[in-house]
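Undergrad: Chain residues, written in single-letter form:
2 protein chains.
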Amino acid sequence: MTPRIHAVVLLSAFLAVTARGDEPPAARERIVLVVHGGSGVRPRSEMAPAREQEYRRVLTEALRAGHQALGHTSRSVDAVEAAIRVMEDSSLFNAGKGAVFNHDGRNELDASIMEGREKRAGAVANVTRIKNPISAARAVMERSAHVLLIGDGAERFAFAQHLREVSPVYFWTPERWEELQKALHEEQAASPAPGAAKGGETDHPFGTVGAVALDPAGNLAAGTSTGGMTNKRYGRVGDSPIIGAGTYADNSTCAVSCTGHGEVFIRNAVAHDIVARMKYGKRSLGEAAREALRALPSEPGGVGGMIALDARGNAIIEFDTEGMYRGQITESGAVTTAIYREP
Amino acid sequence: MTPRIHAVVLLSAFLAVTARGDEPPAARERIVLVVHGGSGVRPRSEMAPAREQEYRRVLTEALRAGHQALGHTSRSVDAVEAAIRVMEDSSLFNAGKGAVFNHDGRNELDASIMEGREKRAGAVANVTRIKNPISAARAVMERSAHVLLIGDGAERFAFAQHLREVSPVYFWTPERWEELQKALHEEQAASPAPGAAKGGETDHPFGTVGAVALDPAGNLAAGTSTGGMTNKRYGRVGDSPIIGAGTYADNSTCAVSCTGHGEVFIRNAVAHDIVARMKYGKRSLGEAAREALRALPSEPGGVGGMIALDARGNAIIEFDTEGMYRGQITESGAVTTAIYREP
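Protein chains in written order, with the working numbering: chain A, 1 to 343; chain B, 1001 to 1343.
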């Protein structure tokens, strides 16, 4: 059993550990958008400074895009979509362009989005030709009677809604291809039981991107997007497109986006569990997130984490891994980003 | 707004409304298995007595099969699987053999199962050639590292596990085919907006089967299986294969299987919501189920219902529709079945 170390990152603590830690914490200013790029970070010892800067640059770009969308439309769902699109378009994160490969050498993408006022939601799973799965999830929420569409059917719906189609080749990146080859090689060496259906371990076992946002009307929104697990098979779907597991939003409590070992997050309905601990157990946002994470079975290297935001602009970022690509932006546009857990 | 009439069916009330209502309620005997065949019942005025008897006969057969499995193995998960297989093999219910048709004239099946001790779970979605999807869900739970497998991939996994394959023609039944033709006709007459992706209304909009069971060791299990929605498109998936929405089990609270308007059940994470109201809100099983159902948006004709069972053998059956095909069996084998709500 690895002792679990919890990293609770409230506003002030968060500022203290980031590049902008020298700025005074704006304790009264609401956080309007929080993003994550997954809790499966590259070990600190292997992270070159230039690479770290690149991660922070894209996180900042995502935050600014979301903040700008919020400025234009005053709708939290626009901020979530805009921020996630930036991360999907980057090859750094396991979502969109940077998605990992499945066992058959294909990229199967999942995403979901939810708004907290009427608890409407949309999701897509196992899509292979949609450039921005988060936008497809949003189209399902707003332009269909359904919540979850999967596979070819989801693609037909998305293209009928004029979402951008790309060739599956668009998702090919040399780094992810290398990861698959490594996973396949390790699998062959280990000769697992037939049908064991295990995903290979990679540098980014828990890669996912997500965002939670709050708009001036007090409406919360949450979204999550992923390429899943390197070397996954058999149409495996994780928690990212599952409302209640990877994503949830309820104006009366909070908006949540999770990242981590998807199966564990589904079995524990983690996103809804945080909402329920606040709603029925009268816990604070921070208590609810910490307790929900602590309730999960421990795993070597950590099980994952989550970001959450309540209707008063309080944010919580919680993870039990070595780090989590993350950032947040306040009402006035002050950005902070971070990757590793601080001692 | 249709006024919602709640039908709370606790053991004694349940006995009173069933064919065996003349028997004294065995207040101290634990209920070990509850099944449902969906809350989308045929209107009472259209239900011939012979047809009603047929429904009750299959419900009884499912209960006896589950009870027998419990006698053999003392495992609640065996009781759930055995009971659901009987209902899947009948053409009466919208699951397995009796599954409804999608827009393209195909049958796409979904199922999930969960056990409450370690909260392990398995599910399959959009499978077309697996005779008993509940058994595939169980294979995912017990023989893979995953929770949710979908489409072709799920089938490849199931057949590698030696589950029984059938031709898609197996699922063709004249009644369901008629329902699709009627839905297509009505849709054409209404000429909906392109891409609206609405499912057609049928006699059985909320057809689903499910079971919850308790074994002598105090372990709970829950399972749900469905053919989804007549005339569904675009790879639509409802709540039945979604852990937390259609199915949940946690020994510390209860096992739940839901049926109804799947999108509403996903957006409200209904199965997990009942567990959470008990766990964090300290509600009784009955209060939790009633409150969870009442919290859903009202719909003309009702939104659906659920069965739930706690570790002491207390059962609850709740629905806001005209009826729900349902039944339960006690430790000693006393069976009760019912279809409609009593005044």
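In short, the hints are calculated from the structure, not lab data.
It should be emphasised that the depicted structure is a prediction, and the values quoted were computed from it without experimental measurement.
A portion of the hints provided could be inaccurate.
What the hints assert, rightly or not - Straight-line Cα separation of at most 20 Å, SDA-like style, residue types lysine to any residue; simulated pairs:
#: 1; chain 1: A; residue 1: Lys279; chain 2: B; residue 2: Gly1281
#: 2; chain 1: A; residue 1: Lys279; chain 2: B; residue 2: Val1335
#: 3; chain 1: A; residue 1: Lys279; chain 2: A; residue 2: Glu118
#: 4; chain 1: B; residue 1: Lys1131; chain 2: B; residue 2: His1072
#: 5; chain 1: B; residue 1: Lys1282; chain 2: B; residue 2: Gly1313
#: 6; chain 1: A; residue 1: Lys119; chain 2: B; residue 2: Leu1296
#: 7; chain 1: A; residue 1: Lys131; chain 2: A; residue 2: Ala190
#: 8; chain 1: A; residue 1: Lys279; chain 2: A; residue 2: Ala295
#: 9; chain 1: A; residue 1: Lys282; chain 2: B; residue 2: Lys1279
#: 10; chain 1: B; residue 1: Lys1119; chain 2: A; residue 2: Val264
#: 11; chain 1: A; residue 1: Lys282; chain 2: B; residue 2: Gly1313
#: 12; chain 1: A; residue 1: Lys119; chain 2: B; residue 2: Pro1174
#: 13; chain 1: B; residue 1: Lys1279; chain 2: A; residue 2: Glu118
#: 14; chain 1: B; residue 1: Lys1279; chain 2: A; residue 2: Arg283
#: 15; chain 1: A; residue 1: Lys279; chain 2: B; residue 2: Arg1294
#: 16; chain 1: A; residue 1: Lys282; chain 2: B; residue 2: Glu1287
Said to hold, decoys possible - A few chain A residues that don't get close to chain B, going by computed Cβ distances all over 12 Å:
#: 17; residue: Ser45
#: 18; residue: Ala48
#: 19; residue: Ala50
#: 20; residue: Glu165
#: 21; residue: Glu178
#: 22; residue: Leu184
#: 23; residue: Ala217
#: 24; residue: Lys232
#: 25; residue: Arg236
#: 26; residue: Asp239
#: 27; residue: Arg277
#: 28; residue: Lys282
#: 29; residue: Asn314
#: 30; residue: Thr330
#: 31; residue: Glu342
Every residue gets a Cβ at the ideal spot worked out from N, C-alpha and C, and that includes glycine.
Undergrad: Does each hint fit the structure? Answer for all of them.
TA: Hint check results:
no.	hint	in the structure
1	Lys279/A x Gly1281/B	holds, 8 Å
2	Lys279/A x Val1335/B	violated, 38 Å
3	Lys279/A x Glu118/A	holds, 16 Å
4	Lys1131/B x His1072/B	violated, 23 Å
5	Lys1282/B x Gly1313/B	holds, 18 Å
6	Lys119/A x Leu1296/B	holds, 11 Å
7	Lys131/A x Ala190/A	violated, 35 Å
8	Lys279/A x Ala295/A	holds, 17 Å
9	Lys282/A x Lys1279/B	holds, 12 Å
10	Lys1119/B x Val264/A	holds, 9 Å
11	Lys282/A x Gly1313/B	violated, 29 Å
12	Lys119/A x Pro1174/B	violated, 38 Å
13	Lys1279/B x Glu118/A	violated, 25 Å
14	Lys1279/B x Arg283/A	holds, 13 Å
15	Lys279/A x Arg1294/B	holds, 16 Å
16	Lys282/A x Glu1287/B	holds, 18 Å
17	Ser45	holds, 28 Å
18	Ala48	holds, 32 Å
19	Ala50	holds, 36 Å
20	Glu165	holds, 15 Å
21	Glu178	holds, 23 Å
22	Leu184	holds, 16 Å
23	Ala217	holds, 20 Å
24	Lys232	violated, 8 Å
25	Arg236	violated, 5 Å
26	Asp239	violated, 9 Å
27	Arg277	violated, 6 Å
28	Lys282	violated, 8 Å
29	Asn314	holds, 20 Å
30	Thr330	holds, 30 Å
31	Glu342	holds, 31 Å
Comparing the model with each earlier hint shows violations of hints 2, 4, 7, 11, 12, 13, 24, 25, 26, 27 and 28; every other hint is respected.
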